[in-house]
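Q: These are the residues of each chain, in order.
2 protein chains.
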Amino acid sequence: MTGIESKNYSSMTEGKRLVHQVVVPPKDSFAIETGRVVRETFFHDVGPLDWFKGVSRRQQCLLALKYAFPIVDWLSTYKLNTFLYDLLAGVTTASVAIPQDLGYASLLGIPAVYGLYTSVVPPLVYAVFGTSRNTSIGIVAGVTLLLGEMLKREISPTADAANYLRLAFTATFFAGVFQAGLGILRLGFITEFLSHASIVGFMAGAAFIISLQQLRGLFNIAPAHFSRHTDLVSVVRSVLDHTDEWNWRTIVMGIAFFAFLSMTKFLAKKKPRLFWVAAIAPLVSVIISTALVFLTRADKHGVMIVGYVKKGMNPSSAHQIFFSGPFMYSAVKIGLVTGLVALTEGLAIGRTFATLCDYRMDGNKEMMSFGFMNIFGSLFSCFVSTGMFSRSALSYNAGGLTPMSNIVMAIIVAITLSVLTPLIYYTPSCILSAVVISAVLTIIDLKALWLIWKVDTLDFLTSLGAFFGTLFVSIEIGLLTAVCISFVKILFNITRPHTAILGKIPGTTVYRNMAQYLKATSVPGILAIRIDSAVYFSNSAYIHDKILVYLEKEKQRLGKIDGPKVCYLVIDLTPVTNIDTNGVIAFERIEKAMKKHGIQLAFANPGTSVLRKLDNSDFLARLGSEWVFMTVGEAIQVCSILMNHQDA
Amino acid sequence: MTGIESKNYSSMTEGKRLVHQVVVPPKDSFAIETGRVVRETFFHDVGPLDWFKGVSRRQQCLLALKYAFPIVDWLSTYKLNTFLYDLLAGVTTASVAIPQDLGYASLLGIPAVYGLYTSVVPPLVYAVFGTSRNTSIGIVAGVTLLLGEMLKREISPTADAANYLRLAFTATFFAGVFQAGLGILRLGFITEFLSHASIVGFMAGAAFIISLQQLRGLFNIAPAHFSRHTDLVSVVRSVLDHTDEWNWRTIVMGIAFFAFLSMTKFLAKKKPRLFWVAAIAPLVSVIISTALVFLTRADKHGVMIVGYVKKGMNPSSAHQIFFSGPFMYSAVKIGLVTGLVALTEGLAIGRTFATLCDYRMDGNKEMMSFGFMNIFGSLFSCFVSTGMFSRSALSYNAGGLTPMSNIVMAIIVAITLSVLTPLIYYTPSCILSAVVISAVLTIIDLKALWLIWKVDTLDFLTSLGAFFGTLFVSIEIGLLTAVCISFVKILFNITRPHTAILGKIPGTTVYRNMAQYLKATSVPGILAIRIDSAVYFSNSAYIHDKILVYLEKEKQRLGKIDGPKVCYLVIDLTPVTNIDTNGVIAFERIEKAMKKHGIQLAFANPGTSVLRKLDNSDFLARLGSEWVFMTVGEAIQVCSILMNHQDA
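Each protein sequence line maps, in turn, to chains A and B.
Per UniProt numbering: the first sequence = residues 1 to 648.
Per UniProt numbering: the second sequence = residues 1 to 648.
It should be emphasised that the hints constitute simulated quantities derived from the structure, not laboratory data.
Check before you lean on any hint, since a few could be wrong.
Note that identical chains are pooled: a pair holds if it fits in a single copy or bridges any two copies.
[Unchecked claim] As a list, the in silico EDC-like pairs of lysine to aspartate or glutamate whose alpha-carbon atoms are at most 16 angstroms apart:
no.: 1; residue 1: K365; residue 2: D545
no.: 2; residue 1: K27; residue 2: D618
no.: 3; residue 1: K592; residue 2: D618
no.: 4; residue 1: K447; residue 2: D618
no.: 5; residue 1: K595; residue 2: E245
no.: 6; residue 1: K454; residue 2: D618
no.: 7; residue 1: K152; residue 2: E476
no.: 8; residue 1: K454; residue 2: D28
Using the sequences and the accompanying hints, generate a full structural model.
A: Written out as structure tokens, the structure is:
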């Protein structure tokens, strides 16, 4: 007991108690304070652990097993009925996955078969550890493009294909290590620094770039002749510089199937019950176009085809990972960046569907699943994979209920790899390009952009920064621009916080911002100001100046109307959630300045930590703790009474 | 008119009006919004300009002249009485300035006379433009050390003295350009990013380092044999490695005068009226020790002396400034860093005395004065100068009332340069070291450190970071560490904001944090939560999760005591000063989740911009604008009535 609690804060009005006590809360020990910070930073989403108490040892083991391996949880209550839905969802996603995987592999500049490998191992691993029921796993456009761009900066995929592949596996391995590490250390909040606005802008930019990359396939240009850069100018120049390679058969076929795919999408949008038409359209396109090429032998007329795809399941790549040398360091860097972007995207998708279907997804466990699936994946010839929005949405529409849909999809792709690869031989490259373009254009979310524009102009700027940065420079610069704009925005809000003059709402004791509530009226002789931000070093000087300017204006106003002089300054601290040493000093300087002007300072509704800090600095004792009130209303009531008392 | 204002927000209770309307404020146009941001960012400290209206053209010109050249303002009403005070203040500061300037020059590794030059031109320029009455101008320890450290990294002061000097002048020139530019562009808020805690830590570290540097003079070690690094380890090694150069006469004299200086300081602290004893002590020490050396010819026994000091006023150095070449780029960088640090220190000192003497100091004009004095200074052989705390305090104690004290000081130093330099010939170096150590040790502000420790543990960490970074690595690293810790602290507060469950204060309609007000009670069936921060991308997921966890806990609590189930969730938005797209999405997800649980969401007291954004995003229309209340009390009142109505 420091005697703080026994201070009498309402001694001014004798006899009748007018105001409520505001006592300084006892200081928490350093250990308790640190514990709180650690809990809120790392374990805020852990609910009460009561379900673990009061059950037998055997049940506790089962619960722990279910916690570690969510598959145990849902498989123990799995029903045939559920499986039918998951089967449909799995078949639907596989039919999109196969052409997409073949197409996306070209973004990396590697044989198409590696795209298929990545739809086998990671989804299986995810099914064991994942906590999202709808997330469908695969290589996604944006991450793959980013990975390819960063890899190509280290090694050329055409000149040194073997080391390029090794570097890709190593980067995937470290991406997984990094993701799992973040989950284990519960540092998931790092992914929150990518705002919605940045992601929308980045996705739109990436969709554009990916579509541009696919122009290569559509126009039948050889990979070696195509730009290694991803920006708009280089790509368009690549296409226009090689008109000699253009092939009318390829172009016509590509555009025709692109039109077909777009039509089915339009149909699915108009009549949601026909979603399956759009879902199977890519597979249908691949089958028809492959048959066409086979029958007309268009490949003899220059139409590029996928060609020989190695039969068989994922080969092991464990021995190919660099565990030393300069390439390892490059791979760590690439893994860090792509792992973080993949995580952000995957988690956002998981959160979306968890909200739609009303279940809790554990962010940190989800990160660990992503990490494990990429670590395992890198040992079996897979690349960085994550949750895919388009496929997850298909799975959700098809009624998928558990991660079983991922297992079904993986099995179908595995069967394709083992048996059906010869059928892919005649698949024209242009059809894969058409499938990819048609898929990625849907991730340009104009509706979201429109909403952002309506809600927050600065957020819209963030989106534009990410979009144009991605489109004209590179994906990393795009993301970096967006993150920087986001933080500058926050810093601006902290450096120049909002302040308001408060007035009384007629007929109440409630005081509100006079600029917002036009009916609110001020009390002559008392100036009430609300500070709408924590008071930190970055804004303490501003707040100090601002309050003095308000005071000066009020004096001038009162001077004009021949009103009373200002006797009291009440500062509403409700929104002041924290304060630092600079803040305390600013308040001390305000108090001194007020004293010189013969004005009494009073505070209303300070929070726990603010009150404690003002007390620790002895400022409260100097001010007189009777000048701290629970509400602005009570503060002004007391000031009015004292003012009338002085007049009388 | 969008019809927003005509919505009836209190239609639930027929007949009797229970609650107050919360109308969505009309949207400001983009231009008005931008104008507000610009005004608050750049012109927040400009009060009403009424003094400029309604006067004659001639008076307007005079006012403008006074605004541009503050010297016109104070000189037009200058009185002899005022001059006497300023004369005393000027003489006192000059008596400290001369020995300090000679000593600080050694921090830069240049002839002592340059230190004196810097006390002539900059104070004169400052007197014309400055708005602080007490700031005394000169080269200060911290900035000079930083300047020296950065210069020596480019050019050696012993090997290439001519270019070293040129680089120093160029850096000073660009520091001035940078400072004046910040003032003209009104970007002064950049200096606010150095928090009080960082400055206290940095100053203490710099004081230690400067004292260490002075060990060279105290132990009589030749400059060429002394470490060029400033960190603790290198300096102590330098001293111990050259015991052969130690000179007992130097050491005894240095320590004796250091003891004398310390004693006078102690005396001045005990009896503030004797401050002049401490003020003239440095000059007395210099005079006595110089006489001693001259009489005993101690310089023949190895005692280092200042030696020949060039007679005459500041030579021009305009032709020595690099306006091209690689040195220019280095100088721009050095000027930027030292200019910013000098500005921060000078402004802080100005603000301190402005508060003490209750007058307004114009931050941006002050920056321009600093800029002009450094630009002019660099043309007349001066180095980066700024306001000095120790001398300003002396000037304040001596009763200085206007910048005239700077003019007096400059004239005295100029006379010394013109006439008295031969007298300095026999001044021993050790006495200058003793004066400098004695001066800088006072800037170690243990009281401030103790206050910081009491108020804010994280701020204390910032101080320690700045202190140890400066002491063991370098001044830049020290400052950088401090700035980083400060920002991480702010980001933590934004990423994991405080939230509180609200309860009713008995006998009122006021709702407050139940953890702070232990008497507050919750209303069964209604959960009221306050979010203590703006809702941004960096915390929207946390706030979403946190609210769901609160709800889960409340359900469990009610389940145990067999209470009613939760029907209403009231979110108090009073401290939510802003919101971005992520925040809107988080609220939408909370609303959806609540709907699934059959819980009605309500908001209390949203601010102007939050309300507008919720409305723009159509969220308000979906929620139903009748669920937005002016106070938590009214929200809960309505919810209670509806709950009872359902039960009945």
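Q: Decide, hint by hint, whether the structure agrees.
A: Outcome of the hint check:
| no. | hint | result |
| --- | --- | --- |
| 1 | K365 to D545 | between (48 angstroms within a copy, 15 angstroms between copies) |
| 2 | K27 to D618 | within (14 angstroms within a copy, 44 angstroms between copies) |
| 3 | K592 to D618 | within (14 angstroms within a copy, 47 angstroms between copies) |
| 4 | K447 to D618 | between (54 angstroms within a copy, 13 angstroms between copies) |
| 5 | K595 to E245 | neither (84 angstroms within a copy, 58 angstroms between copies) |
| 6 | K454 to D618 | between (47 angstroms within a copy, 10 angstroms between copies) |
| 7 | K152 to E476 | within (14 angstroms within a copy, 37 angstroms between copies) |
| 8 | K454 to D28 | between (44 angstroms within a copy, 13 angstroms between copies) |
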